[in-house]
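Novice: With chain A held as given, fit chain B onto it using these hints.
One letter stands for each residue in the lines below.
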Amino acid sequence: MQIADIGRPSRLSLRLPSERISAVFEAFDATVLARIQFAFTVSFHIIFPAFSIGLASYLAVLEALWLWKKDAVYLELFNFWKTIFAVAFGMGVVSGIVMSYQFGTNWSVFSDKAGPVIGPLMGYEVLTAFFLEAGFLGVMLFGLNRVGPRLHFFATAMVALGTLISATWILAVNSWMQTPAGFSVNEAGQFIPEDWWAVIFNPSFPYRLVHMVLAAYLTTAFVVGACGAWHLLRKTAPRRARTMFSMAMWMAAIVAPIQIFAGDQHGLNTLEHQPAKVMAMEGHYQSHPDGAPLILFGLPNSAEKRVDYALEIPKLSSLILKHALDAPLAGLDTIPEERHPPVAIVFWSFRVMVAIGFAMLGLGLWSLWCRLRGTLDTSAALHRAAVFMGPAGFVAVLAGWITTEVGRQPYTIYGHLLTADSISPIAAPAVGASLVAFIIVYFLVFGAGTFYILRLMARLPRDTMPELDEGPLRTAGVTPGPATANQGGRHGH
Amino acid sequence: MAIDLPLIWAAIIAFAVLAYVVLDGFDLGVGILFPFFREKHDRDVMMNSVAPVWDGNETWLVLGGGGLLAVFPLAYATVLPALYAPIVAMLIGLIFRGVAFEYRWRTQRGEFLWNWAFAGGSMLAAFAQGLALGALVQGIPVENRAYAGGWWDWLTPFSIVTGLAIVIGYALLGATWLVMKTRGELAERARGIALRTALATVAAMGIVSLWTPFLEPVYLERWFGWPTAIFSVVVPLLVLGCLYLLLKGIRDRHDVQPFVAALGLFVLGYIGIGISFFPFMVPPSLTIWDAAAPDESLAFLLVGALVLVPMILAYTAYAYWVFRGKVDPEEGYH
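Line order of the protein sequences matches chains A and B.
Heads up, the first sequence is in the numbering used here, so the first residue is 1 and it goes up one at a time.
Heads up, the second sequence is in the numbering used here, so the first residue is 1001 and it goes up one at a time.
Bound conformation, chain A alone (with noise of 0.2 Å):
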């Protein structure tokens, strides 16, 4: 670039580089900045909730089992996860404190135009949930031998409850973004409620909810039975790792496929209250009047309006969305070229979402058809599977909330505030520098918990901490187990 589009003529070839910067700072304008570094830390953040739902609720079974059938197992395993489920709170706790702030700092005009409709909600979050989570953590973590069992318990369970409760208003604030109901605008251009009941319970929100909920309790099984493979694989502790192994599969064998169901439901709903981001989706450009087909792969090209290489099935995405071979069905040609989504991520991030959803099934089944051979617990093949998927529920979630935030685009608040209208009146060197300092803090900090997290998984299950009252343990059902729990420690060392 010539130094004279700049506009500050330099006066020393020295200065040049300091040019150069402020030419690619104009490259990118504030407001693709700021969607940059939203983009990055909400990916990021998005990570850590998916896993600590799924986790937390876990927990609180294991704790429950433990109380009730007096399993020295389920405790051992409840300290294991406890361990991994702090590490993983605590980033989940720094980087929405992030979130939060973000608002303000980088989406002004927008937090004063939607404040007043989707403050109260996160309003009603950080009451409800984060404080429920935050308060009895701390007993959670450290308190079981001030309290005793049962109150600790009680701890597990808030903790858990904390979680859910704070996606189920988080979602609302989501949903309401997307398919936006039961408000007015004022002279201010501020959005105002006018039926709360109609802004929680908005169209997209149960089934927005019930995909997220779902997806995390799936993302929490692979990551538990991934581990648990890869101690039946090393033969470390093998009641513990079979334990984790056995429930793990329980739920991806049942939860995979209603979470296929939830995810159609979904798609449905979308179709109805934002066609353009299931246009996008399933890559039609063209309207097609009789009968639309199924693009399984393809390469979009929104310049010339049209996917490159498909691979198609006739009529199959009609039947899918409109349950009719010969339904017409609309194309982004219906839409002006401007509140065009972009087209290829959403294609594609889709598909990637889709995929792992299968494949996730596929392996729920093949666990199941092992439980009934009874080589569950020696399946080295499909130990070697459920490793390999361990880390699938998180490229799912972050590909699933890509497909459906990239496809509200060009909106904020879905046809009703543009991203472009939604920006702080803040330079762009503002945005740029904060967004590089969070990729480096990132990167340090939550690549150093991924390994924590990985070395902690690696290592046994831990032992029952002595001081507490043992009393008559069960051996375990189907193979003979350690009498006690002090044993159970030993064993497997």
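Worth flagging that the hints you see were computed from the coordinates, not collected in a lab.
A quick note: this is a predicted structure, and the numbers were derived from the prediction, not measured.
Worth double-checking, as some hints may not be accurate.
Calculated pairs, DSBU-like style, for lysine-lysine (alpha carbon to alpha carbon, straight line, at most 35 Å) [what the hints assert, rightly or not]:
1) A/Lys69 <-> A/Lys82
2) A/Lys70 <-> B/Lys1326
3) B/Lys1248 <-> A/Lys82
4) B/Lys1040 <-> B/Lys1248
5) A/Lys322 <-> A/Lys305
6) A/Lys82 <-> B/Lys1040
7) B/Lys1040 <-> B/Lys1326
8) A/Lys70 <-> A/Lys235
9) B/Lys1248 <-> B/Lys1326
Reference listing, derived: stretches of chain B covered by chain A, where coverage requires no fewer than 3 residues with Cβ under 8 Å from a Cβ of chain A [to be verified]:
10) 1135 to 1148
11) 1278 to 1287
Residues of chain A placed beyond 10 Å of chain B at every Cβ, according to the derived structure [said to hold, decoys possible]:
12) Pro238
13) Gly263
14) Phe358
15) Ser434
Ideal Cβ placement from N, Cα and C applies to all residues, glycine included.
Specialist: Leaving out everything else, chain B in the frame of chain A:
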């Protein structure tokens, strides 16, 4: 409507921010004091003294920010861009110190890194909060529902002084917390630090208080005009009273009194700022009523807040009760 909802909400938000300042203040303070304690054992005990509660403490900051978005969206939308750099710095500081609570126990080779992250993050977060406070006190211009100042307006001698004052004040809270929660040599050293930071805190409060009225004519009038001049007599007297109780508590080797007296100092400083501010939300541009969301939003969240805030206070108090008394060095779940 007969009930002044914006005023009620201003009081609730003010309470949330005060709760944040005193609660996270002491656990940030523990981080700020880390460099003064070199023994690994001391640092383990210090960290374990706040580990069960820091997360709940920080939630008040989320309530402050989230609540501001909910009930004073215009204040949120103008203050945060104005304080862009200090806010980002605070967030980065909180990230480092927050994860240090868990990471520090997961490594031996890297422990020094997370010691740095904890201490440095705590200092950065505290200093950034002080900068933000100073910038808010010196005023934020608003035009057409948007911030109308420059990007470095927050950086002034005054805001740097308030930043340092907050770091010193949090260090005092941290030191008196350690006096209360620890034993032996660690508590002894904390007592010594508490003594010095107590004097430094009151000195810093004095400098900031004498400087503030000259930033805005409104503040000067508020403090030295009649009848509000009563405050400018009473508040400093109460501050001196708290200082006396604090020093006496340290000298007589009380465990709890120094901490409570230090909290008192913070509450008084906060009340002082409130006296200067009222009725502004964003001085000198937006009053509480300018910045408020419509009554529909205020009423909807108020119903929940009136039920939930007492519940939160109750179970937070319970969590503190569970972990009452001196920290047992052998304890911790790690």
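Novice: Does each hint fit the structure? Answer for all of them.
Specialist: Status of the hints after comparison with the structure:
no.	hint	result
1	A/Lys69 <-> A/Lys82	holds, 19 Å
2	A/Lys70 <-> B/Lys1326	holds, 32 Å
3	B/Lys1248 <-> A/Lys82	violated, 43 Å
4	B/Lys1040 <-> B/Lys1248	holds, 31 Å
5	A/Lys322 <-> A/Lys305	holds, 23 Å
6	A/Lys82 <-> B/Lys1040	holds, 25 Å
7	B/Lys1040 <-> B/Lys1326	holds, 18 Å
8	A/Lys70 <-> A/Lys235	holds, 25 Å
9	B/Lys1248 <-> B/Lys1326	holds, 21 Å
10	1135 to 1148	holds (count 3)
11	1278 to 1287	violated (count 0)
12	Pro238	holds, 25 Å
13	Gly263	holds, 30 Å
14	Phe358	holds, 35 Å
15	Ser434	violated, 5 Å
The structure is inconsistent with the numbered hints 3, 11, 15, although it conforms to all the rest.
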